[in-house]
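Next come the chains, spelled out residue by residue.
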Amino acid sequence: MAKQAMFRIWRGDAGGGKFADYQTEVDEGMVVLDVVHRIQAEQAPDLAVRWNCKAGKCGSCSAEVNGMPRLMCMTRLSDLNLDMPVIVEPMHAFPPVRDLVTDVKWNFAAKKKIKKFRPRSADAEDGTWRMQQRDVDRVQEFRKCIECFLCQDVCHVLRDHQKHEEFIGPRLFVYTAALEMHPLDTEDRIAELKEKYSIGYCNITTCCRQVCPESITITENAIIPLKERVVDRYFDPLKHLFNIL
Amino acid sequence: MAEYRTHPYDVLVIGAGGAGLRAAIEAAASGVKVGVVCKSLLGKAHTVMAEGGVAAAMANVDDRDNWRVHFADTMRGGQYLNNWRMAELHAREAPERVRELEAWGALFDRTRDGKILQRNFGGHRYPRLAHVGDRTGLEMIRTLQDHGIHSGMEVHMECTVLSLLVDSGRVAGAFGYDREKGHFILWPAKAVVLATGGVGRAFKISSNSWEYTGDGHALAYRAGAELLDMEFVQFHPTGMVWPISVRGILVTEGVRGEGGVLRNSEGKRFMFDDIPENYKSQTADSEEEGWRYTQGDKDARRPPELLTRDHVARCINREVKAGRGSPHGGVFLDIAWIKQRIAKGEEHIKRKLPSMYHQFKQLADIDITKEPMEVGPTTHYMMGGVKVDGDSQMSTAPGLFAAGEVAAGLHGANRLGGNSLSDLIVFGKRAGQYAAEFAKANGAAAVDEGQVQAAARKALAPFERGPGAENPYRIQYDLQEAMQALVGIVRVEGEMQQALEEIGKLQARAANAGIDGNRMYNNGWHTAMDLENMLTVSEAITRAAVLRKESRGAQFRDDYPDKSADWGKHNIVVRRGSDGQMVIEKRAVKALPAELQQIIEEMK
Chain A
1 MAKQAMFRIW
11 RGDAGGGKFA
21 DYQTEVDEGM
31 VVLDVVHRIQ
41 AEQAPDLAVR
51 WNCKAGKCGS
61 CSAEVNGMPR
71 LMCMTRLSDL
81 NLDMPVIVEP
91 MHAFPPVRDL
101 VTDVKWNFAA
111 KKKIKKFRPR
121 SADAEDGTWR
131 MQQRDVDRVQ
141 EFRKCIECFL
151 CQDVCHVLRD
161 HQKHEEFIGP
171 RLFVYTAALE
181 MHPLDTEDRI
191 AELKEKYSIG
201 YCNITTCCRQ
211 VCPESITITE
221 NAIIPLKERV
231 VDRYFDPLKH
241 LFNIL
Chain B
1 MAEYRTHPYD
11 VLVIGAGGAG
21 LRAAIEAAAS
31 GVKVGVVCKS
41 LLGKAHTVMA
51 EGGVAAAMAN
61 VDDRDNWRVH
71 FADTMRGGQY
81 LNNWRMAELH
91 AREAPERVRE
101 LEAWGALFDR
111 TRDGKILQRN
121 FGGHRYPRLA
131 HVGDRTGLEM
141 IRTLQDHGIH
151 SGMEVHMECT
161 VLSLLVDSGR
171 VAGAFGYDRE
181 KGHFILWPAK
191 AVVLATGGVG
201 RAFKISSNSW
211 EYTGDGHALA
221 YRAGAELLDM
231 EFVQFHPTGM
241 VWPISVRGIL
251 VTEGVRGEGG
261 VLRNSEGKRF
271 MFDDIPENYK
281 SQTADSEEEG
291 WRYTQGDKDA
301 RRPPELLTRD
311 HVARCINREV
321 KAGRGSPHGG
331 VFLDIAWIKQ
341 RIAKGEEHIK
351 RKLPSMYHQF
361 KQLADIDITK
371 EPMEVGPTTH
381 YMMGGVKVDG
391 DSQMSTAPGL
401 FAAGEVAAGL
411 HGANRLGGNS
421 LSDLIVFGKR
431 AGQYAAEFAK
441 ANGAAAVDEG
451 QVQAAARKAL
461 APFERGPGAE
471 NPYRIQYDLQ
481 EAMQALVGIV
491 RVEGEMQQAL
501 EEIGKLQARA
511 ANAGIDGNRM
521 YNNGWHTAMD
531 LENMLTVSEA
541 ITRAAVLRKE
551 SRGAQFRDDY
561 PDKSADWGKH
571 NIVVRRGSDG
581 QMVIEKRAVK
591 ALPAELQQII
601 EEMK
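Protein chains in written order, with the numbering used here: chain A, 1 to 245; chain B, 1 to 604.
Don't take every hint at face value.
Cut-off 30 Å, straight-line C-alpha distance, at most; resulting in silico cross-link-like pairs (DSS-like, lysine-lysine) [what the hints assert, rightly or not]:
id	chain 1	residue 1	chain 2	residue 2
1	B	LYS440	B	LYS458
2	A	LYS112	B	LYS33
3	B	LYS33	A	LYS105
4	A	LYS194	A	LYS112
5	A	LYS116	B	LYS440
6	A	LYS115	A	LYS163
7	A	LYS163	A	LYS113
8	B	LYS181	A	LYS113
9	A	LYS115	B	LYS33
10	B	LYS33	A	LYS113
11	B	LYS549	B	LYS563
12	A	LYS116	B	LYS115
13	A	LYS105	B	LYS181
14	A	LYS115	B	LYS115
15	B	LYS361	B	LYS298
16	B	LYS298	A	LYS3
17	B	LYS586	B	LYS549
18	A	LYS116	B	LYS33
19	A	LYS112	B	LYS440
20	B	LYS268	B	LYS350
21	B	LYS33	A	LYS111
22	B	LYS181	A	LYS163
23	B	LYS181	A	LYS18
FYI, nobody ran anything at the bench for these hints, they're computed from the structure.
Keep in mind it's a predicted model, so treat the numbers as computed, not measured.
Using the sequences and the accompanying hints, generate a full structural model.
Right under this line is the structure:
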């Protein structure tokens, strides 16, 4: 049986905006993105929303639903309290473009500055490599990332302190970790992690890990091991002493 | 006079999925200036949805495999309507293209001896699909994206091309808009590569994302290029059927590759009842043999669940129509049963099919390690597309190239699973290489300001008509309903004629679509502009399907249920006539050279 629900959606652009209420019919099994589409088709044809696969695989429809960073396509209405208005707003860590769409280009520009993959020379005569599954496993976890940027959205260094110029955020630490721990990679990115990407700003509150729709263990498996590599190189007291002597 | 920005390139690539990125990387490597236009953000293209793997005869798991077997499998799957040169190049070059991805950072699942692991898939004689769990497409697009951004290409994200500019038959560039501001952009180019993917959005139940509105097909058609095989639309046998809102989302063939079985409401494995003659010798006799095949027994033959997609989809359709379907109008796909055969079966399923586990758990409240899934056919892939030269990927319009799903030829009447990801990298590379050569050999073409202004006027017309005119979303829904009901998995002449009438009416309505608001990220406006492409492609699909009076591969006609020997030797070409009307032509398939014919005979 169709039910009614109230959706309170942020409408606006870089110049500001406000919430608008939409009363609409909802059906069993629907997700938030379905409702946004229904409102778009029936009540607000110019409502801006970014989406693509609608299956949790492309990471386009990131937004904040009742204050939680979520993929709209994977947020089922059955998990929300429909007796209250459902509040849908754009991510806060990025500049608004229009309505639910934010300008996430910064993530792409920041990624480009990270040194690219540089493999060791081939293992076999035919130019191929040999890797064991167990060595590949931990990097495959990082490569599950769908670049939805919800981890960036929830990171206080970006969201509250707006350190986009000197900090790359959880997504790009995961990206760097995938490169650094890649069995074939020979590049060294430790100095940049400390100086340019300010990994020290992260105080491992695990907010990023908690919102990851791919359940990547961002803090423990990616960021902390990178922090350890930085510490080993720059802050080992014995090594420091040895250097002085 | 509409205003626009101008970004000139030697090679302009339209589309940034696997084929577009691979083309751009290749063109940039040859030293020309390359621009990439993508409708979404970089890395979101439909390639991310590919699950099962990339087909390449590397023989890492079964040393009997080689390019000849892959070639024969592809031709058999395509019912011999394939462009044999493309099938040959694809089979020969796929292994090198896959190894190249590894050199660029891709991390495929491994064999015990540390090589790239390969899995079984429908229609492939040996385990051939290199994969990463069930998220192979994501691995491929991320690898190409992360490699590509360092190769010198310039990327225009969230921009849509509205029309190709033509200079006396030769392509001179493209004109379009950015979604964010709604500003117009002109991209003059010496060569253009179309890599825009498919047309799934013309159907109601589809595994495709919103972008797949047949842009490249329609752009090429309007620019004067020929389209080929448009009647062949692949319906993937296993899409989700419940909840309604996720209907159509893909359930990878990898589920069946890992031992998943299809059952009807009576609990029967109905696929054993109907095995086509040309696959009998390759198909298991018993459930036991089928199981052994999925577990890597080289002496076993594949279970009937792994027959080609067109056939499995029709069998599912038949069960549902006969009243033996599941509660929500599908059939049951069961992977949980393998726990009887495998120790730690639950973990095994989660490891081999993590996204499927996730998808059903989150969207349908189903734990696939414990209960069967409900699945049914979903519009998945377009075999037809821009007719290209097998070697260079150039269309019949000089300077216009096409690669990936938007190009036609490799797959013939039906595509084998896993052959699309390999298609992207093999022919993406070739298109990029030959487009760059074309750009070097030919100077800049002339851009006709009249064509630019005409395209801009057409784009802005929905604003002038305003919100009181036809709702573009409504027109899109009505088209999807019509195509699904009348030109779907089972076709008959009368219904398709009805579809053509409907498309005619929708074309008139689309010309009267109006919208509200301004040009900034206005989804209603974008939908209004996408309609023309979807309607052109729908018309081409339907007209070609009417003309082909037989059932072959993905086309099944209730009024002509058998194959016709004559149609087995012909393709259908669609082009725009000089009067602007659509012209449909029957054209003979080019004869195979003796050495390729011999391979096919040997593998029969």
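Evaluated hints:
no. : hint                : in the structure
1   : LYS440/B x LYS458/B : violated (33 Å)
2   : LYS112/A x LYS33/B  : holds (19 Å)
3   : LYS33/B x LYS105/A  : holds (22 Å)
4   : LYS194/A x LYS112/A : holds (17 Å)
5   : LYS116/A x LYS440/B : holds (29 Å)
6   : LYS115/A x LYS163/A : holds (20 Å)
7   : LYS163/A x LYS113/A : holds (16 Å)
8   : LYS181/B x LYS113/A : holds (26 Å)
9   : LYS115/A x LYS33/B  : holds (23 Å)
10  : LYS33/B x LYS113/A  : holds (21 Å)
11  : LYS549/B x LYS563/B : holds (9 Å)
12  : LYS116/A x LYS115/B : holds (23 Å)
13  : LYS105/A x LYS181/B : holds (14 Å)
14  : LYS115/A x LYS115/B : holds (26 Å)
15  : LYS361/B x LYS298/B : violated (34 Å)
16  : LYS298/B x LYS3/A   : violated (54 Å)
17  : LYS586/B x LYS549/B : holds (11 Å)
18  : LYS116/A x LYS33/B  : holds (21 Å)
19  : LYS112/A x LYS440/B : holds (28 Å)
20  : LYS268/B x LYS350/B : holds (25 Å)
21  : LYS33/B x LYS111/A  : holds (22 Å)
22  : LYS181/B x LYS163/A : holds (26 Å)
23  : LYS181/B x LYS18/A  : holds (20 Å)
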